[in-house]
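S.K.: Chains as they are written, first to last, in my numbering: chain S, 1 to 72; chain L, 1 to 258.
One should not assume that every hint holds.
Said to hold, decoys possible - Label-pair ranges, simulated between beta-carbon atoms:
1. D6/L / S37/S: 24 to 32 Å
2. D23/L / D33/S: 50 to 58 Å
3. I3/S / R91/L: 44 to 52 Å
4. D250/L / I3/S: 28 to 36 Å
5. S37/S / R195/L: 47 to 55 Å
6. Q12/S / D160/L: 38 to 46 Å
7. E240/L / R30/S: 24 to 32 Å
Claimed, not checked - Here are some of the chain L residues that sit facing chain S, going by a computed Cβ distance under 7 Å:
8. S3
9. K8
10. G35
11. M210
12. V212
It is worth saying that the hints were derived from the structure and are not from the lab. We put the beta carbon where it would ideally sit given N, CA and C, even for glycine.
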Amino acid sequence: MAIKGAIEVDEQKCKGCSVCVANCPTGSIRLSDKVNSKGYHYAEMTGDGCIGCSQCAVVCPDSVITVYKVKI
Amino acid sequence: MISIEDIKKPENIAYRRPALLTDNVMHYCPGCSHGTVHKIVAEVIEEMGIQEKTVGICPVGCSVFAYNYIDIDWQEAAHGRAPALATATKRLCPDKYVFTYQGDGDLASIGTAEIIHACARGENIVVIFINNGIYGMTGGQMAPTTLLGMKTSTTPYGRDAKLNGFPLVIADMIAHLDGTAYITRQSVHTAPAVRKAKSAIRKAFEYSQMGVGLSFVEIVSTCNSGWKLSPVEANKWMVEHMFPKYPIGDIKDVPAGR
């Protein structure tokens, strides 16, 4: 059995502080090359290493991350 | 192989923002600790199911607009006077959960008298104290809690004890007062720290209804704009420089016999 996770970022509300990037244990978040309407490089998931541990969402100051987790 | 779209289904949600947080975009700078603390306060209120019975007191400072972000009853206090307003609210409505949310410029400077006397009287309120060692809102001036040697816009060569005096360690100071029941110092820079801070805030809310005295939760925080660092660097700076002066952990827990 493996655990797979995914995150969904509210791109328009993300301020690109990258605290989630620093806290991700699997390096599955990065700041996007694109910017949102306020000019911030928002966070996005990268690769398929996410384990749905929620650490990114817990430390997110703007609460823009929703975490999903499944056991497969 | 399961696709990302298959994982992102409502039944698979492991974590989402608390419903008590409003949809307003927070005005705080990117990476500000205030947002994280607002979130855990909202989570605690939601988990305890006390939305209708909670009254928050806003300070003056960056968190002056806290009432825009958590969907509960709020009052706005004059600068530093949140503990006085909380005293009145709690005495008039003893069944309400009353908490103040104050920064260090508000609580440790202009409001020092109010917090000390509220502690000495043993009011059954919760005080959430955000300590980032700087006046964030007004442009990063020196606060009473600024560390020695720390550069701010009014101490450009670093805080000098001869000229500016020594930092005020409020939590240790009020621990000597008999009216306080629970005093703890937490932080929100990593996920485990956020979870510990959340359980401390929950404990404080529970104690406030037991009538054992004042509960004080200090959150050692960052002000990356005021410190002129990136949010991630500010967290590292806080661990290296703030924690030795403001160590994390419980200082006093009278109901638990400590």
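S.K.: The structure should be examined with respect to each hint, and the outcome stated for every one.
M.R.: We went through each hint and held it up to the structure:
no.	hint	in the structure
1	D6/L / S37/S: 24 to 32 Å	holds (30 Å)
2	D23/L / D33/S: 50 to 58 Å	violated (27 Å)
3	I3/S / R91/L: 44 to 52 Å	holds (50 Å)
4	D250/L / I3/S: 28 to 36 Å	holds (33 Å)
5	S37/S / R195/L: 47 to 55 Å	violated (33 Å)
6	Q12/S / D160/L: 38 to 46 Å	holds (45 Å)
7	E240/L / R30/S: 24 to 32 Å	holds (26 Å)
8	S3	violated (9 Å)
9	K8	holds (5 Å)
10	G35	holds (3 Å)
11	M210	violated (28 Å)
12	V212	violated (29 Å)
Of the numbered hints stated above, those contradicted by the structure are hints 2, 5, 8, 11, 12, listed in ascending order.
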